[in-house]
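Number of protein chains: 2
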Amino acid sequence: MKEFILKANKSATSGDINIKDLPGSAGRLDLVCRCVNSSFFLSHDLRRDTVFYSVHYGEPNPPIALKFIGDELKRLSPDERSIALFIKKALEKDSSKLWKESTAGIYTAKQEFRDLILEKKNENYRIFYLHLNGKPLEECNLKLNDDDDEDILFVLGDHIGIGEDDEKFLDELGAERISLSPVELHADHCIILVHNALDKLKNNE
Amino acid sequence: MKEFILKANKSATSGDINIKDLPGSAGRLDLVCRCVNSSFFLSHDLRRDTVFYSVHYGEPNPPIALKFIGDELKRLSPDERSIALFIKKALEKDSSKLWKESTAGIYTAKQEFRDLILEKKNENYRIFYLHLNGKPLEECNLKLNDDDDEDILFVLGDHIGIGEDDEKFLDELGAERISLSPVELHADHCIILVHNALDKLKNNE
Chain A
1 MKEFILKANK
11 SATSGDINIK
21 DLPGSAGRLD
31 LVCRCVNSSF
41 FLSHDLRRDT
51 VFYSVHYGEP
61 NPPIALKFIG
71 DELKRLSPDE
81 RSIALFIKKA
91 LEKDSSKLWK
101 ESTAGIYTAK
111 QEFRDLILEK
121 KNENYRIFYL
131 HLNGKPLEEC
141 NLKLNDDDDE
151 DILFVLGDHI
161 GIGEDDEKFL
171 DELGAERISL
181 SPVELHADHC
191 IILVHNALDK
201 LKNNE
Chain B
1 MKEFILKANK
11 SATSGDINIK
21 DLPGSAGRLD
31 LVCRCVNSSF
41 FLSHDLRRDT
51 VFYSVHYGEP
61 NPPIALKFIG
71 DELKRLSPDE
81 RSIALFIKKA
91 LEKDSSKLWK
101 ESTAGIYTAK
111 QEFRDLILEK
121 KNENYRIFYL
131 HLNGKPLEEC
141 NLKLNDDDDE
151 DILFVLGDHI
161 GIGEDDEKFL
171 DELGAERISL
181 SPVELHADHC
191 IILVHNALDK
201 LKNNE
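Heads up: the sequence lines are chains A and B, in that order.
For the first sequence, position 168 (counting from the first letter as 1) is numbered 168 according to the UniProt record's numbering, and the numbering increases by one without interruption.
For the second sequence, position 173 (counting from the first letter as 1) is numbered 173 according to the UniProt record's numbering, and the numbering increases by one without interruption.
Since the hints were made in silico from the structure, they are not lab data.
Model, not experiment: these values are computed from the prediction.
Heads up, some of the hints might be wrong.
Only some residues are given here: those of chain B computed to face chain A with a beta carbon under 8 Å [unchecked claim]:
#1 Gly-15
#2 Ile-17
#3 Lys-20
#4 Phe-41
#5 Ser-43
#6 Lys-200
Here are the simulated distance ranges between beta carbons [unchecked claim]:
#7 Leu-118/A <-> Gly-24/B: 49 to 59 Å
#8 Asn-145/A <-> Ile-160/B: 52 to 62 Å
#9 Asp-149/B <-> Glu-176/A: 48 to 58 Å
#10 Ala-104/B <-> Glu-176/A: 25 to 35 Å
#11 Trp-99/A <-> Glu-59/B: 24 to 34 Å
#12 Asp-171/B <-> Ser-96/A: 55 to 65 Å
#13 Asn-145/A <-> Thr-103/B: 45 to 55 Å
In the DSBU-like style, the derived pairs of lysine-lysine whose C-alpha atoms are separated by at most 35 Å in a straight line are [claimed, not checked]:
#14 Lys-20/B <-> Lys-202/A
#15 Lys-89/A <-> Lys-121/B
#16 Lys-202/A <-> Lys-200/B
#17 Lys-89/B <-> Lys-135/B
#18 Lys-121/B <-> Lys-200/A
#19 Lys-88/A <-> Lys-202/B
#20 Lys-200/A <-> Lys-93/B
#21 Lys-202/A <-> Lys-168/B
#22 Lys-202/B <-> Lys-120/B
#23 Lys-20/B <-> Lys-143/B
#24 Lys-135/A <-> Lys-200/B
#25 Lys-143/B <-> Lys-74/A
#26 Lys-93/B <-> Lys-135/B
#27 Lys-88/B <-> Lys-143/A
#28 Lys-20/B <-> Lys-135/B
#29 Lys-20/A <-> Lys-20/B
#30 Lys-88/B <-> Lys-110/B
#31 Lys-168/B <-> Lys-200/A
#32 Lys-168/B <-> Lys-20/A
#33 Lys-89/A <-> Lys-135/A
#34 Lys-143/A <-> Lys-110/A
#35 Lys-200/B <-> Lys-93/B
#36 Lys-10/B <-> Lys-135/A
#37 Lys-10/A <-> Lys-120/B
#38 Lys-135/A <-> Lys-20/A
Quick reminder that beta carbons are idealized off the backbone N, C-alpha and C, glycines included.
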């Protein structure tokens, strides 16, 4: 499984969202929507082997985690507004520790960013995070083949970043630093580059 | 200069656009907006060395070409809605053969897709178009250095594609076929991959 997790430091944690103001009052929810687009959309197809999480730390009820499962998604369109309407619906639900489905393939829970990453670590996922001084993904000896892909998680930050404490947490967890580009990019653009590196590696297996 | 041109087969050609329905009645204008995002946005910066064109063939007044010049853009936000509002404003202008500025760095003209490509050919741009059987961009011997970058144009299609006639036109013009991925991707995702390939090539010069 290929999974992505975004720390959305300012993104809204209730369904009381103004769809006309995703970047402002909804706390850069536009970026979350574009990350959903980048995670799943192919030309005329969806990436069914991908899961995307975003963990929101904005007002009024942080944290709220969202989970999108590629293999279960239905009726999702690639534009920000449609994706935001699905997110709004999910954030309108009462949340508890347990994942609850809102619409097909979209779940919410009251979970912390670090706890989700720890859970993946305990499930033996290889964990990567982006760092300008990391090594290229192509040099990480990923095991990719149709029957038995390695489980991998990519940790992403928003415009604020994940912060020093979370970087330390990831280092202590043995997460691997990778670099995708010589310039700093938005999280949604990074997802495109990760998918592309994996597509090419898999194609050359 | 790095330039991209998108053929937007169905995108609106007047300012009478419903911002709430970019994918539907505005003719996949959401894709055009995401291409603008991919062309210019870096984390906390804009790509000043890039120009993006989209040529719209939707109703009621085709064709209308839009031009975005990275070095002149101001107050552009990365979300689709803000970009769509700038495009709406540009499409509200009367258009003629001559480029007219609407807001900082955004221009419109009544120009055909092929004529714009021909113009670039006459200015000695190297022209590339995406094809699943093309060769990797990394093998195209691009000349990239700070003082004297080669001028390059990338031709992109929307969900419908550029069509057989335009492919033939590009072949006759000596355009080079490149491949970015083993899977078919949306145009905005292709722009990210082109930028990344060029960023890496330039970084290794």
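query: Of the hints stated earlier, which fail here?
result: 1, 2, 7, 8, 9, 10, 11, 14, 15, 17, 19, 20, 23, 25, 26, 27, 28, 32, 33, 35, 36, 37, 38
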